[in-house]
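Chains as they are written, first to last, in our numbering: chain A, 1 to 309; chain B, 310 to 556.
Check each hint, because a few of them may be wrong.
Over 10 Å on every C-beta distance to chain A, these chain B residues come out as not near it, computed from the model [as the list claims (entries may be wrong)]:
| hint | residue |
| --- | --- |
| 1 | Asp312 |
| 2 | Pro382 |
| 3 | Arg398 |
| 4 | Glu407 |
| 5 | Met414 |
| 6 | Pro416 |
| 7 | Arg440 |
| 8 | Thr464 |
Derived lysine to aspartate or glutamate pairs resembling EDC-like cross-links, with alpha carbons at most 20 Å apart [unchecked claim]:
| hint | chain 1 | residue 1 | chain 2 | residue 2 |
| --- | --- | --- | --- | --- |
| 9 | B | Lys337 | B | Glu375 |
| 10 | B | Lys338 | B | Asp312 |
| 11 | B | Lys384 | A | Glu189 |
| 12 | B | Lys338 | B | Glu379 |
| 13 | B | Lys384 | A | Asp188 |
| 14 | B | Lys442 | A | Glu306 |
| 15 | B | Lys330 | B | Glu525 |
| 16 | B | Lys337 | B | Glu315 |
| 17 | B | Lys338 | B | Asp467 |
Please keep in mind that the hints were generated in silico from the structure rather than gathered at the bench. Glycine residues also receive a C-beta, built at the ideal position from the N, C-alpha and C atoms.
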Amino acid sequence: MKRIAPIDIAGGILVVAFLALLPMFAASNYLTGVLTVCVIYGIWASSWDFMSGLTGRENFGHSLFIGAGAYTAGFLSSIWSTNPWVSLPLGVVIAIAFSLLVGFPTLRLRGPYFALAMLSASAILQRLCLIFWEYTGGEEGIYGLDPLMKNPLHYYWFVLAILAVTVIALTLLAQSHWGLLLRAIRGDEATCQAAGINVTFYKIVSLMISAGFAGLGGALYAHYQLQVSPPLFSVVVSITVIIMVYVGGIGSIYGAAVAAILLTLLTEMLRGFGEYRLWIYTLTLMLILFFLPNGLIAPLWRRLTERLR
Amino acid sequence: MTDLLEVNGVTKRFGGLTAVKNASFTLKKGEFTGILGPNGAGKTTLFNILTGFMQPTTGTIHFNGELVRELAPYKVVNRGMARTFQLTRPFVGMNLLENVLVACMSPRASEDKDKEARASYLLGQVGLGGRDKEPVETLPYGDLRRLEIARALATRPDLLLLDEPFAGLGSSEIEQLAQLIRRLHREENLTILLIEHKLREFMALVSRVIAMNFGEIIAVGPPEEIVKNEKVIEAYIGKTEEAHASA
Ligand SMILES: Nc1ncnc2c1ncn2[C@@H]1O[C@H](COP(=O)(O)OP(=O)(O)OP(=O)(O)O)[C@@H](O)[C@H]1O
Ligand SMILES: [Mg+2]
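Okay, chain A solo, but in the shape it has when bound (with noise of 0.2 Å):
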């Protein structure tokens, strides 16, 4: 429905380049490990956006689906030793088996019940995985998965391709027909059931999209670390990335994107702090959101390229 601006596919092609040109720069690995997990990150965010954004439906437990993700990995790879390409695909598939398990019961409620299912559920995956220690390798995990790729460079290159996609496929979902229906379920469920829109399926489907990207970043992020552990179905995990959606600027996806990267990046900057770190991060973050409850990202990039729209 509407087009992406030029003046935003420049902007993307821009980071994108700078972003994969940034490693050759390190002389070592670093950097470019950093970095990995910075654009997983941005995956998380961006497909948390799409739909909680989007919708307004506030999802608690995202590290439901980037854990179920990263488990299926582990299981996949580690014990049962498949081919390591195949836990992209089935990370996705169980993630959004997830997200209709949670989903379809929750939200053809109203009320706080989806987001506090979604919290509910995550923690307790969490607790299964303690509980079964014998299948899940329990507070430990799983380890030994094989690499996706084996030089570090080129499996962040692809990741980074991947957000890329990501970015650029819901934000053109978020500008279709579709997305309009998602932004009105925000705005006034009860005017939308008057204009005849089954809203519990587009909730319904668009948690589907969401869930379907975070197991997909999940199962990124397993073959990255080469490990799963229950500390990736955390509450910290999921907060963190709804901190890092609000910063980057709700329902905008490539400022959820960006400040994921950014935010990722100022942690690992901060580590020389020691102890300091998290009280300089939260600062910051109180900073940001209480002198721009818009988000930093999206507003920004919007105010300065007002002109060449």
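Using the hints, position chain B with the ligands against chain A.
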């Protein structure tokens, strides 16, 4: 003419309060009917029940011969019964075109392939032509009412339910909106059920009035009979005149 809508013994209780009491009536295809009643008579509640937004405590509703009770509101809309809200409910943050586009996405509008063109045409139909890109936030009340009607029309209804479309409008705006509704009724082959609590607006518009008071239907008939009806006079005319005096 066949019955498009058949309401049978519909009652709605909210705790101790009976908002609609044993209401029965039918609407024929192509009819233009009004529901008259003072504040709190149960008019909006009746609309909510017809359109699936509320379930009746007892009673049945048949639309086009099909039982619509317990259908979700969006399903009712897709069977051909569309409504507007008494307090207009636009999608804020969207422009006029997008507001109507949402309804053009309903399954019932699947024949309309070019959604933008259809939405734009409907805005023209309700007198909002050429204003596709305007935000809804700055829209005056009268235009919001028109937008609600355009959104309802986008679902290609057989029966259009209008909840107090004239409330809060000035007399020239009322006249214009009445003309629009009259035209829709004539040209689009719509059956219309319109709520109003001032008798005056009805006289020129509707061919039949269903008068309600305290949740009960107290009289049904052509407007010129309704104004002479004892019960109606007792229940409304005094109040209506008071309302007019205070307005
Ligand atoms: N959801 C609800 N819960 C409890 N009581 C309600 C509810 N909706 C309506 N009522 C009550 O039912 C009665 C009928 O209300 P309704 O809105 O149907 O009246 P109305 O005829 O549309 O009045 P108005 O002309 O003011 O719009 C009122 O006493 C109202 O307070
Ligand atoms: Mg009312």
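The hints, checked one at a time:
1. Asp312: holds, 23 Å
2. Pro382: Not fine: 4 Å to the nearest Cβ puts proline 382 (chain B) too close to chain A.
3. Arg398: violated, 5 Å
4. Glu407: About 6 Å separates glutamate 407 (chain B) from the closest Cβ of chain A, which leaves it inside 10 Å; violated.
5. Met414: Since the minimum Cβ distance to chain A is about 6 Å, methionine 414 (chain B) lies within 10 Å and the statement is violated.
6. Pro416: violated, 7 Å
7. Arg440: Check passes; 18 Å lies beyond 10 Å.
8. Thr464: violated, 4 Å
9. B:Lys337 x B:Glu375: At roughly 15 Å apart (the allowed maximum being 20 Å), glutamate 375 (chain B) and lysine 337 (chain B) satisfy the hint.
10. B:Lys338 x B:Asp312: holds, 6 Å
11. B:Lys384 x A:Glu189: Roughly 14 Å between the alpha carbons, so the hint for lysine 384 (chain B) and glutamate 189 (chain A) holds.
12. B:Lys338 x B:Glu379: violated, 23 Å
13. B:Lys384 x A:Asp188: Cα-Cα ~17 Å, so holds.
14. B:Lys442 x A:Glu306: holds, 18 Å
15. B:Lys330 x B:Glu525: Judged against 20 Å, a Cα distance of about 5 Å means the pair holds.
16. B:Lys337 x B:Glu315: Between lysine 337 (chain B) and glutamate 315 (chain B) the Cα gap is close to 9 Å, so the pair holds against 20 Å.
17. B:Lys338 x B:Asp467: Judged against 20 Å, a Cα distance of about 8 Å means the pair holds.
Violated hints, in rising order: 2, 3, 4, 5, 6, 8 and 12; the structure is consistent with all others.
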